[in-house]
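Engineer: Sequence order for the protein chains is R and D.
Residue 462 in the numbering used here sits at position 63 of the first sequence, with consecutive numbering throughout.
Residue 710 in the numbering used here sits at position 311 of the second sequence, with consecutive numbering throughout.
A couple of the hints might just be wrong.
With the C-beta cut set under 8 Å, the calculated list includes, among others, these residues of chain D facing chain R [stated by the list, open to error]:
no.	residue
1	TYR484
2	ARG494
3	TYR517
4	ARG519
5	GLY520
6	MET552
7	VAL722
Computed from the model, here is a short list of chain R residues facing chain D with C-beta under 8 Å [to be verified]:
no.	residue
8	LEU477
9	ASP478
10	ASP493
11	ALA515
12	ARG519
13	LYS541
14	GLN547
15	TYR549
16	GLY554
17	VAL722
The set of hints was computed from the structure by calculation and includes no laboratory data.
Each residue gets a CB set at the ideal place from its N, CA and C atoms; glycine is no exception.
2 protein chains.
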Amino acid sequence: MKLNIQTKDSNYPIVFNNSFQNLQVLFEEIRLVGNKICIITDDNVDPLYGDMLENELINISPRIIKYSITPGEEAKTLDTVHKIYSYCLSNQFDRQSVIVALGGGIVGDIAGFVAATYMRGIKFIQIPTTLLSQNDSSVGGKVGVNFQKYKNMIGAFYQPQLVYMNTSVLETLSDKEFASGMSEVIKHGLIRDRDFYNYLIDNANLIRAIDHDTISYMNHRSCSIKGDIVSKDEKEGSIRKYLNFGHTIGHAIETLSNFRYLHGEAVALGMIAACHISFQRNMLSKLELNSIVNTLKLYNLPVVLESLSSEDIYKQLFYDKKVSNNKIIFILLNGIGDCVEANDVRKEEILEGIEFIKRGA
Amino acid sequence: MKLNIQTKDSNYPIVFNNSFQNLQVLFEEIRLVGNKICIITDDNVDPLYGDMLENELINISPRIIKYSITPGEEAKTLDTVHKIYSYCLSNQFDRQSVIVALGGGIVGDIAGFVAATYMRGIKFIQIPTTLLSQNDSSVGGKVGVNFQKYKNMIGAFYQPQLVYMNTSVLETLSDKEFASGMSEVIKHGLIRDRDFYNYLIDNANLIRAIDHDTISYMNHRSCSIKGDIVSKDEKEGSIRKYLNFGHTIGHAIETLSNFRYLHGEAVALGMIAACHISFQRNMLSKLELNSIVNTLKLYNLPVVLESLSSEDIYKQLFYDKKVSNNKIIFILLNGIGDCVEANDVRKEEILEGIEFIKRGA
Chain R
400 MKLNIQTKDS NYPIVFNNSF QNLQVLFEEI RLVGNKICII TDDNVDPLYG
450 DMLENELINI SPRIIKYSIT PGEEAKTLDT VHKIYSYCLS NQFDRQSVIV
500 ALGGGIVGDI AGFVAATYMR GIKFIQIPTT LLSQNDSSVG GKVGVNFQKY
550 KNMIGAFYQP QLVYMNTSVL ETLSDKEFAS GMSEVIKHGL IRDRDFYNYL
600 IDNANLIRAI DHDTISYMNH RSCSIKGDIV SKDEKEGSIR KYLNFGHTIG
650 HAIETLSNFR YLHGEAVALG MIAACHISFQ RNMLSKLELN SIVNTLKLYN
700 LPVVLESLSS EDIYKQLFYD KKVSNNKIIF ILLNGIGDCV EANDVRKEEI
750 LEGIEFIKRG A
Chain D
400 MKLNIQTKDS NYPIVFNNSF QNLQVLFEEI RLVGNKICII TDDNVDPLYG
450 DMLENELINI SPRIIKYSIT PGEEAKTLDT VHKIYSYCLS NQFDRQSVIV
500 ALGGGIVGDI AGFVAATYMR GIKFIQIPTT LLSQNDSSVG GKVGVNFQKY
550 KNMIGAFYQP QLVYMNTSVL ETLSDKEFAS GMSEVIKHGL IRDRDFYNYL
600 IDNANLIRAI DHDTISYMNH RSCSIKGDIV SKDEKEGSIR KYLNFGHTIG
650 HAIETLSNFR YLHGEAVALG MIAACHISFQ RNMLSKLELN SIVNTLKLYN
700 LPVVLESLSS EDIYKQLFYD KKVSNNKIIF ILLNGIGDCV EANDVRKEEI
750 LEGIEFIKRG A
């Protein structure tokens, strides 16, 4: 299965498969044969899939090097980026060389920023290995790192040449990580596609059992929704903001919990809070609100926020790229499958939304 | 006078004037009124033009801040970039904020890279204050910094919203800096426009006296040549390489001399060496070679290379982004006004070219 993503100045395929086996052919198709390759991965993913990937690429590259980072958000810094620059330079990487990201969102974001800025930009392949990165960060070209206490503060929009999604790697994910990925999948249904949202409820058993055909189909639909939005608005001038549904409060929870909540978990809580605000504004029915909470539960996502203060979360909202002229931007649901941007959400509404998830939705 | 630069996903004006006076109107035209502005400049330019610029912008921005760097190539590092990130963050700069570069090429390159990567890219205005940056780095969107011993190794292609060229600021340039800028102007004639090259010979007196109308006309023609190339090939896949004429050996001289030679001076020497190679290949007549050397002399550019070893220069050529699969790329002249790319220049030809400038062209 294949999906094409078209932005203003690039066009690349997302390929869905259940192994790494056709990678060589794909590299030939996008004319990346004969170039040096640097695989950027982390110490969790490398022992599982590092050699497997290298073996697939060995015939098409004269030199493959690998840089493995310490797993986790702490590595997502400019310091790591500089170390990779040095590593590539000491291996005489030039403008024709290729960066391959093998890992989750953190690896992809770091590797993408290196690719975007090394010699003013070199070629870049995404091989996301988590359900989250397959449905979120690997599609759309946002790359970057954290800076001081600010998440994704330094970065670029930089599209890859290819995104390769091997669903078989999802088998080694923890339940918590799988759930985290489902949060973004459910989000795509909620903001744009009620049928897809219902599909996720109807097929929960197959999805949770990681049935490859079902997951490939799900990823394809989920990435289509994101890809369609990104094609229309790569730089987040308008509808791309919809993808931030759940992320306003979600990011604050993620940061304040010191990443104890995984990204998708924090987003699930953020989505419920945003749904509560939507419900209070009569944009979402009680029935829909309950359905959303139950669907998140169905996929083992948290629906109760523990031990953070509402005021702290509120304050944290201002430390975000999404703040514009000191106004906090929210995405609210207008029924399931539709959403709108709102910059007029009052402090009390926000605090009530947070209280709702603290009480237990 | 105005010139429009069109790339794949941007379109911006270069405005030629002899004061800062219409800046406010221009900011209104490109809808940048009401946003925070950070002026990035250096300690040489700031006392001369910092306040003048701030006064022009004061009515259209709620907050103007300024970051002044130590002049010179040493500041062109990621460390400087990080300090500016921090400064912008501590002043609550958001996605709507604007970076204004006021200075020469170093200031523009640093400021542009900050703009390209802060929050994945914010708006950017170039106000080049040297003849060199007016005719070279401010047009075309190449931004970035040096890394370790590598020039412009980390960077991006990032187009500004506006380039504003005030010719009156050229009056405070030293003769050496003025000459350095003329080197790139002459280059544009040599690679693409024989008539313009002849214009530069015929009008040398007015140009050297910084006659504003003549300089504005010259800048307009020079930037048209560069702009036309950049419009056709923003990312240097093909004809943009022509702009590297003189830069292969020029960059090596610049680096090995520890920037004792100004950029344009080193490029002048690099152009003569490349012309010698072109002459040896019967692509350039003896008459043309002599004319080029004389024109560079006419504008007080060096035509004799002092105290660097040919072998050292040759070795340095490999530490360059322009090296592709270990082959050094040269741009050679095919008569005055036309050029070609060559990746088959032999070591002996290169050494002979360097010897030619060492002997004194």
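Engineer: A closest beta-carbon separation below 8 Å is what the hint needs, so does GLY554(R) meet it against chain D?
Structural biologist: holds (5 Å)
Engineer: Tell me if the interface restraint on LYS541(R) is satisfied: Cβ within less than 8 Å of some Cβ in chain D.
Structural biologist: holds (7 Å)
Engineer: Does the interface hint hold: is ARG494(D) within less than 8 Å of chain R, judged Cβ to Cβ?
Structural biologist: holds (6 Å)
Engineer: Under 8 Å is the threshold here; is the Cβ of ARG519(R) close enough to any Cβ of chain D for the hint to stand?
Structural biologist: holds (4 Å)
Engineer: Next item in the hint list is LEU477(R). Is there a CB on chain D closer than 8 Å to its CB?
Structural biologist: With a closest approach of 7 Å, the LEU477(R) hint holds.
Engineer: The hint names TYR484(D) as touching chain R; please verify it with the least Cβ-Cβ distance against 8 Å.
Structural biologist: holds (6 Å)
Engineer: At a threshold of 8 Å, is the proposed contact between VAL722(D) and chain R supported by beta-carbon distances?
Structural biologist: OK, holds: VAL722(D) within 8 Å of chain R, min 6 Å.
Engineer: Does the nearest C-beta of chain R fall within a distance shorter than 8 Å of the C-beta of MET552(D)?
Structural biologist: Given a least distance of 6 Å, the restraint on MET552(D) holds.
Engineer: Can the hint on TYR549(R) be confirmed by a CB-to-CB distance to chain D that is less than 8 Å?
Structural biologist: OK, holds: TYR549(R) within 8 Å of chain D, min 7 Å.
Engineer: Is the hint on GLN547(R) kept, meaning its closest Cβ partner in chain D is under 8 Å away?
Structural biologist: holds (7 Å)
Engineer: Taking the closest Cβ pair, is GLY520(D) under 8 Å from chain R?
Structural biologist: holds (6 Å)
Engineer: Hint ARG519(D) vs chain R: min CB-CB distance below 8 Å?
Structural biologist: Status holds, d = 5 Å.
Hint 9 from the earlier list is the only one contradicted by this structure; the remaining hints agree with it.
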